[in-house]
Amino acid sequence: MFTDDFEQGFEFNNYDEYGAHTGDPNLDNEYNKQQLKMPEIVKNFLVYFRNCVNEGLIFELQTLYETSWPKLTEDYFEKRPWPEESEVAALVDSDPVFMILYKELYFRHIYARIQGGPTLEQRFNSFYNYCDLFNYILSADVPVPLELPDLWLWELIDEFVYQFQSFAQYRARLQKKTAQELETLNSNNKVWNVLCVLNVLHSLVDKSNIKQQLEVCASGGDPDSVAGEFGSHSLYKMLGYFSLIGLLRLHSLLGDYYQSIKVLENIEIHKKSQYAHIPACLISTSYYVGFGYMMMRRYSDAIRTFSSILLYIQRTKQLFASKSYQHDQINKQTDQMYHLLAICLVLHPQCIDESIQQTLREKSYHEKMYKMQYGDLQEFENCFIFACPKFLSPCPPPVDSIPDDYSKEAIRHQTQVFMDEVQQQKMLPTIRSYLKLYTTLPIAKLATFMAQNKNNDGKFDVNKETQSLLIHLLCFKHKMKNVVWSKGSSGLEGKLESGSELDFYIDNDMIHIADTKVAHRYGDFFIRKILKFEDLNRKLHNLKL
Amino acid sequence: MAEAMKQTVAQMLKGIERYNPDNLPTLEHYVEIQSRENAYDLEANLAVLKLYQFNPNSFNIDITSQILLKALTNLPNTNFILCKCLLNERQLSEEPINEIIYLADILEQCDFQLFWTRIHSLPELTQKITGFLDSIRKFVCHVVGITYQTIEKAHLAELLGDVDDLTLKVWVNKYGWKEQGHLIFIANQDENIKTKNINEKIDFDSVGAIMASCR
Numbered sequence: 001m002f003t004d005d006f007e008q009g010f011e012f013n014n015y016d017e018y019g020a021h022t023g024d025p026n027l028d029n030e031y032n033k034q035q036l037k038m039p040e041i042v043k044n045f046l047v048y049f050r051n052c053v054n055e056g057l058i059f060e061l062q063t064l065y066e067t068s069w070p071k072l073t074e075d076y077f078e079k080r081p082w083p084e085e086s087e088v089a090a091l092v093d094s095d096p097v098f099m100i101l102y103k104e105l106y107f108r109h110i111y112a113r114i115q116g117g118p119t120l121e122q123r124f125n126s127f128y129n130y131c132d133l134f135n136y137i138l139s140a141d142v143p144v145p146l147e148l149p150d151l152w153l154w155e156l157i158d159e160f161v162y163q164f165q166s167f168a169q170y171r172a173r174l175q176k177k178t179a180q181e182l183e184t185l186n187s188n189n190k191v192w193n194v195l196c197v198l199n200v201l202h203s204l205v206d207k208s209n210i211k212q213q214l215e216v217c218a219s220g221g222d223p224d225s226v227a228g229e230f231g232s233h234s235l236y237k238m239l240g241y242f243s244l245i246g247l248l249r250l251h252s253l254l255g256d257y258y259q260s261i262k263v264l265e266n267i268e269i270h271k272k273s274q275y276a277h278i279p280a281c282l283i284s285t286s287y288y289v290g291f292g293y294m295m296m297r298r299y300s301d302a303i304r305t306f307s308s309i310l311l312y313i314q315r316t317k318q319l320f321a322s323k324s325y326q327h328d329q330i331n332k333q334t335d336q337m338y339h340l341l342a343i344c345l346v347l348h349p350q351c352i353d354e355s356i357q358q359t360l361r362e363k364s365y366h367e368k369m370y371k372m373q374y375g376d377l378q379e380f381e382n383c384f385i386f387a388c389p390k391f392l393s394p395c396p397p398p399v400d401s402i403p404d405d406y407s408k409e410a411i412r413h414q415t416q417v418f419m420d421e422v423q424q425q426k427m428l429p430t431i432r433s434y435l436k437l438y439t440t441l442p443i444a445k446l447a448t449f450m451a452q453n454k455n456n457d458g459k460f461d462v463n464k465e466t467q468s469l470l471i472h473l474l475c476f477k478h479k480m481k482n483v484v485w486s487k488g489s490s491g492l493e494g495k496l497e498s499g500s501e502l503d504f505y506i507d508n509d510m511i512h513i514a515d516t517k518v519a520h521r522y523g524d525f526f527i528r529k530i531l532k533f534e535d536l537n538r539k540l541h542n543l544k545l
Numbered sequence: 001m002a003e004a005m006k007q008t009v010a011q012m013l014k015g016i017e018r019y020n021p022d023n024l025p026t027l028e029h030y031v032e033i034q035s036r037e038n039a040y041d042l043e044a045n046l047a048v049l050k051l052y053q054f055n056p057n058s059f060n061i062d063i064t065s066q067i068l069l070k071a072l073t074n075l076p077n078t079n080f081i082l083c084k085c086l087l088n089e090r091q092l093s094e095e096p097i098n099e100i101i102y103l104a105d106i107l108e109q110c111d112f113q114l115f116w117t118r119i120h121s122l123p124e125l126t127q128k129i130t131g132f133l134d135s136i137r138k139f140v141c142h143v144v145g146i147t148y149q150t151i152e153k154a155h156l157a158e159l160l161g162d163v164d165d166l167t168l169k170v171w172v173n174k175y176g177w178k179e180q181g182h183l184i185f186i187a188n189q190d191e192n193i194k195t196k197n198i199n200e201k202i203d204f205d206s207v208g209a210i211m212a213s214c215r
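Residue numbers (UniProt numbering), protein chains in the order written: chain D, 1 to 545; chain Y, 1 to 215.
Hints were generated in silico from the structure; no laboratory data involved.
Where hints are given, some of them may not hold.
Stated by the list, open to error - Below are the DSS-like pairs computed for lysine-lysine, each with C-alpha atoms no more than 30 angstroms apart in a straight line:
| hint | chain 1 | residue 1 | chain 2 | residue 2 |
| --- | --- | --- | --- | --- |
| 1 | D | K459 | Y | K196 |
| 2 | Y | K178 | D | K481 |
| 3 | D | K445 | D | K529 |
| 4 | D | K426 | Y | K196 |
| 5 | Y | K194 | D | K445 |
| 6 | Y | K138 | D | K481 |
| 7 | D | K445 | Y | K196 |
| 8 | D | K426 | Y | K174 |
| 9 | Y | K194 | D | K436 |
| 10 | D | K436 | Y | K196 |
| 11 | Y | K138 | D | K495 |
| 12 | Y | K196 | D | K481 |
| 13 | D | K262 | Y | K6 |
| 14 | D | K390 | Y | K196 |
| 15 | D | K517 | Y | K201 |
| 16 | D | K481 | D | K464 |
| 17 | Y | K174 | D | K529 |
| 18 | D | K190 | D | K408 |
| 19 | D | K408 | D | K177 |
| 20 | D | K495 | Y | K169 |
| 21 | Y | K196 | D | K371 |
If we strip away everything but chain Y, and leave its shape as in the complex, we get (with noise of 0.2 angstroms):
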């Protein structure tokens, strides 16, 4: 469904039809549709909250939850600071807005201990949004995936949001990561991290007509 759409909707984002009120239903008809398959448009989102922006009087609060939950799926890219950049003081500060935004706030942090916790005692804020927990594991695993090279089975599951030991296994399949006893391995890291030496590289060419005119 989404996939079929994605095409109708790529032709209404097309030059000045973009802006167009007209498209505002279907548009945000694609967005559920996001949420519901688990799947993802930055630039269909976008669209909609631009045209929030220039028909105040059409603003729909639930679509751009929804949009800027669905934004927190795709850390650790940057899309939710694009769609706040969009969205004005007033509206950020508007309830359920306000506290997507700070759980967006705690993710960028990467207080993930935090944002369980916060998560678990808003259980409807992400309902309509499948697989919003997967997707926020996901991050961890990137964010655990670019930090250690070896990291304690316990706090690995805690980062997950206290995930028990069977979750636990099917992540660290996933990635590829392996158990060590009480410790999981992640990857040899000194391979990509190591101290960098920059030396002042002078090729012939560049110092030619120097030469040249010193003779």
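Pulled out of the complex, with its shape left as it was, chain D reads as follows (with noise of 0.2 angstroms):
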């Protein structure tokens, strides 16, 4: 009933009476006042939302949180706050638990959408905003009563890290602070501090027995028979989830791959399974895991985690496609995995699904890989630094440090670990196009080629080349044989293999190559021919003559 109410009463898009400025003086000022006050149909929303958390009508807070909530702010708070916590504590009797979700909301619209970011004292109080939110959810004897929608509680977490990254960015650009803003940063290190937040989501996960649960599940099992009390709860079951892929964002904004990769396990991530239906979650959680094993060199992993979820997002782009805020942070980190899988490719060359390949050929993608494969370390660089994460110190800078930006080290450190790793194969490359060319090849000839690639007048000591090129293809063997997942619940299992597409061995003084050999596929071909002929067929059946 109290739907309908308020779907007649407030149409969302009625709001033309605040629409424009009238010209008289005195009108404008009450104009400016009608803005500073809340507009009705906000009140009536919060109203409403409020009724709704408390009744745990899930349903309707799915269409109020996925879609009310962002229309209302299109309309209203495109660039400014959502009203303040006092105005709104008014209209819904101070209620408490909605409160702290609304506050929740309106820290992340500032995050968000207000210009220059929100300011020191914000970012406090969102901090103790969620420290209220989860003591709330954990220090209770019996789950809470609440029940939200899935996409919140992901969007929820995922924001609590965003805004511990966020903070301790801002932590580390000590050349704008004022003397002010540094001491209270000096006398409130406890504030969005790197165990905080680590204890808040190993303590989601702990009461929500996830880990057991994950585990029962992967064996086949019913997860429901060790969730515990908290556990078979919705909101708790979701949080611990959500949070495990909390910490592998986290680990992995911190440079510590080994943990990130190390918590999902039991998680599979290419398989569909109850927790696994938020598409901004699927999605992070590849790119992160990916991500990871690049760095750990095991390129065949990092491949077929960026494949497997490129290729369904190409598949279910439309699905998202409508909404328009989670759709720009999937773009981006659809193209930062196609960067980070250029990159894979080149370091480590193999077959990949058609479509994806497709993808690669386009232009701008197809230039990046071009320059790198001709060992072009500034593009390899370029990419990494756009595709990584935003890493991290953990630490604020020490309280003597001269005013200075420190933000930028730890992405510095490890943008030089990888290029480390890309500098030490830089002559792969090469030495892969000449074996590309022969079955067998004589390693003094190959040396030769080595030589006159170098473009020294044609004078060099055969010798010298040989004993560099020996080593250049012992380094080809190492870093081409890598640890490779094919079962088990952690992904950091796997055995050593030589998955690309190239390989070779030396007997004695010949170089014998094995290359792969992709034949043509007409599968595709033929399906797309079959149905272009029923097409035509079917119109020539309904032609009347």
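Starting from the two chains in their separate frames, assemble the complex, guided by the hints.
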């Protein structure tokens, strides 16, 4: 009943009354007051929203969260914050739980949309609000009577980690801070402290028994049998699951790739499951997992992870195209993953799905891959910096540091680690391009090719060239043999394999080369022709003469 | 000793306890034991580096060096990279970490001759790590094992750090390789390394639907 009233009475696009100035100074004054006052429709929305939260109307909440909130934001609060806490509290009898949830959305909006970003005070208050929320959820003796849409829970955890990231970056930029601000920051070291964030995520994981649930689930059992009182409650279960993904992201941001992948034990990221139905969550998971694999030089695993999720995105694009605020994030991450995939394929050439290959043939990617293949180190670095997570240092700069910008230190370090790896491999593409032309090739002959390639007027010492070639050949074999996952509950497991498309061995002074030959694929071609023919046939039948 | 500690330490690495700085003395002691007894526990060592990352004042360069050297004994695995990612720019440039980074770099490039020259000029660096040089020889044998079908004896001896005939024999036997005059036969590689042909396989299920619609 209330729903009807709400929709009839306050159509979201009936807001013309706020639209125009009158030109009359007195009336305009009146208008400005009106602007500051909360629009009726927003008031009603908030009151209704609170009711839905209290009554646990999950489907209604979903609409309010996914549709109404963004719509009202666009209409009334595009460039300014949502109404202050005090104004809203008056409307909802200061309902404590609703106020925490409201403030979560309020601060998230400030982070996302307000020019200049949140102030120091807002960052602090948002942190305290998260503390209130998690205290409420975690310190209860029995599961709290709260149900929220899964998408909201995912975005809540993701935002929590994001705000930590944002704070750490902000904290490390000392150069523009006033003495007052530094004083406040130094005396409040607990706020947005990394241990605090880790503690919240770990507590949510523990409270929900999600690890045990996933383990039982992976072996085909019923997760409810180990879920316990809290874990069988949807709110706790999903918060637990999303916290694992939050940990994955947090560990990646700190450069801890081993932990980041380990935390996902018992989650098979390519498999559909009852937990994995939020596209943004799936995509984010694969992004960080793939990235971790790439850094560990597990290129086959990285390529498999990226291709699989990119294929999923290609196929489901239309589904989330409508929700614009998620769409931007997904698009950005997709583009980053194509860049990472391009890097991996240059370092470790391998067959991938035809439709992903198709996208990589597009001009922008193709050019970048071409440059990387020809040893353009700057291009590697550019692609990496564009596509990597926003790394951060877990600790603020020491109190006595000179006021400088320290926020780029972590990313510089991770880039350097990656570039060291690329540097070590820089001769491999050249060797590969020669080997590709032969099935057997004497070492001395290849040494001559390599020497001539160096452009030294045809003068070189064959012995020296052979010596250095032998080193490069050993390096080639070493770098192309990576750990590859095939089964097991942990993504860290796997066996050493040579997954790249070109391989070779040396028999005394002769190189024997094995390439991968891919035959033409006719299936897709015929299917398309068949469908076209069908279509034509149908049209002909429908023709009335 | 290392075995006995493994269990205790595993408990310290569970959940949020992993970040408890009070565990640092025990974990650091465990690193020393690993060095002494030629044991290895990657996870515990990463936890130490993580604690240094969170508590920069506790950073211990000697322990860090041991962790990095132990990671080198684990080549061809990429444990060294994992450790490197948890340090920062400033720490990497400190003596002797910069030296270890350089050793890792030449090992990763398989420039073994250069490695042996370098390591002989730095005898104290790896003193604490029991069995360090032999671990590197194992890595050399791994790379040789995946690269060669037959290799010149002299070249192999050189890769292993100019070892004498007797030592060479020990390594050759250990891996089941065979001496054939001036050559060493490693393994028959043409069975593992051969040209792959990828042909399209279309099974009936995947075309069933379209065939049905074409009737």
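Results for each hint:
{"no.": "1", "hint": "K459/D x K196/Y", "verdict": "violated (38 angstroms)"}
{"no.": "2", "hint": "K178/Y x K481/D", "verdict": "holds (24 angstroms)"}
{"no.": "3", "hint": "K445/D x K529/D", "verdict": "violated (48 angstroms)"}
{"no.": "4", "hint": "K426/D x K196/Y", "verdict": "holds (26 angstroms)"}
{"no.": "5", "hint": "K194/Y x K445/D", "verdict": "holds (22 angstroms)"}
{"no.": "6", "hint": "K138/Y x K481/D", "verdict": "holds (16 angstroms)"}
{"no.": "7", "hint": "K445/D x K196/Y", "verdict": "holds (25 angstroms)"}
{"no.": "8", "hint": "K426/D x K174/Y", "verdict": "violated (33 angstroms)"}
{"no.": "9", "hint": "K194/Y x K436/D", "verdict": "holds (13 angstroms)"}
{"no.": "10", "hint": "K436/D x K196/Y", "verdict": "holds (13 angstroms)"}
{"no.": "11", "hint": "K138/Y x K495/D", "verdict": "holds (18 angstroms)"}
{"no.": "12", "hint": "K196/Y x K481/D", "verdict": "holds (17 angstroms)"}
{"no.": "13", "hint": "K262/D x K6/Y", "verdict": "holds (18 angstroms)"}
{"no.": "14", "hint": "K390/D x K196/Y", "verdict": "violated (40 angstroms)"}
{"no.": "15", "hint": "K517/D x K201/Y", "verdict": "holds (15 angstroms)"}
{"no.": "16", "hint": "K481/D x K464/D", "verdict": "holds (26 angstroms)"}
{"no.": "17", "hint": "K174/Y x K529/D", "verdict": "violated (60 angstroms)"}
{"no.": "18", "hint": "K190/D x K408/D", "verdict": "holds (22 angstroms)"}
{"no.": "19", "hint": "K408/D x K177/D", "verdict": "holds (17 angstroms)"}
{"no.": "20", "hint": "K495/D x K169/Y", "verdict": "holds (29 angstroms)"}
{"no.": "21", "hint": "K196/Y x K371/D", "verdict": "holds (28 angstroms)"}
Taken one by one, the earlier hints fail for this structure at numbers 1, 3, 8, 14 and 17, listed in ascending order.
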